[in-house]
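Trainee: Sequence:
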Amino acid sequence: LGIHTEVMGDSIMNLMKSGNINNAKKNFYPGKGVVGFAYGTKALYEFLDHNEALHFMPLPIINDPYTIAKNDNMISVNNALCVDLTGQVASEAIGRQQHSGTGGQLDYVRGAQMSKGGKSFIALTSTFHSRRTGKHGTQIVSTLAPGSIVTTPRSDVQYVVTEYGCVNLKELTMQERVRAMISLAHPDFRDQLTEEAKSFGLLR
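Sequential numbering from 34 applies to the sequence shown in our numbering.
In case anyone wonders, no lab produced these hints; they're calculated from the structure.
A portion of the hints provided could be inaccurate.
[Stated by the list, open to error] Taking lysine to aspartate or glutamate and the EDC-like style, the derived pairs with C-alpha atoms no more than 16 Å apart in a straight line are:
1) K50 / D82
2) K231 / E209
3) K50 / E85
4) K65 / D82
[As the list claims (entries may be wrong)] Restraint-style ranges between C-beta atoms, simulated for each label pair:
5) Y62 / G128: 18 to 28 Å
6) Q225 / F70: 10 to 20 Å
7) Q131 / D221: 24 to 34 Å
8) K231 / S51: 11 to 21 Å
These numbers come from a predicted model, not from an experiment.
Heads up, the beta-carbon is just placed ideally off N, CA and C, and yes, glycines get one too.
Modelling step: build the complete structure from the supplied sequences, incorporating the hints.
Mentor: Have a look at this one:
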């Protein structure tokens, strides 16, 4: 495995230490992990110090989709807060409550798909549980909450993954998309999502 990433954490360090990441087959800076910035434990920063197996680059360069696509078989994996039934991805805010920033998600979604043999994945759990309110809900939603920011538009999304499977939304019709997304939801919410989709005219 090789890395080309906006942010490096302890998990990547551990994979490098174990030999699972060696960057040997990369086209862009072969033999080196290309990183924008790092965030993690003291052990991570000690690992980074004078480590010639890593190369740090400015974010406008490393996050450029054309730079990302220079690596054959590039696989991008990004997280999301929720995804609606049409494939719109919200990774920054639910409604007007901000959780994160835009980051390079869309850059990596596009860059991976531009790569020879590449693929992009949006990964999330099907449900959430709020420790503050005790609320249990679905992260596959019929519509995004008002005020939500769309981080990745549905036209760019390729694979979406939950613990219930993986679907490729590319080239699906709207009804096929909606049914595919419902299949990724927790079984407790599938009937509700189906009824909501019908009421919105997304399913017949």
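Trainee: So, for every hint listed, does it hold in this structure?
Mentor: Hint check results:
Pair hint K50 plus D82 holds up; C-alpha atoms about 14 Å apart against a cutoff of 16 Å. At roughly 13 Å between alpha-carbon atoms, K231 and E209 fall within 16 Å of each other, so this suggested pair holds. Taken as a hint, the K50 and E85 pair is honoured in the structure, with Cα atoms around 14 Å apart against an allowance of 16 Å. Distance check on the hinted pair: K65 and D82 sit about 15 Å apart at the alpha-carbon level, within 16 Å; holds.
In this structure, Y62 and G128 break the distance hint of 18 to 28 Å, their C-beta atoms being roughly 40 Å apart. In this structure, Q225 and F70 break the distance hint of 10 to 20 Å, their C-beta atoms being roughly 40 Å apart. The supplied range of 24 to 34 Å is met by Q131 and D221, whose beta-carbon atoms lie about 28 Å from each other. Look at K231 against S51: about 49 Å separates their beta carbons, and that is not inside 11 to 21 Å.
Hints 5, 6, 8 from the earlier list are contradicted by this structure; the remaining hints agree with it.
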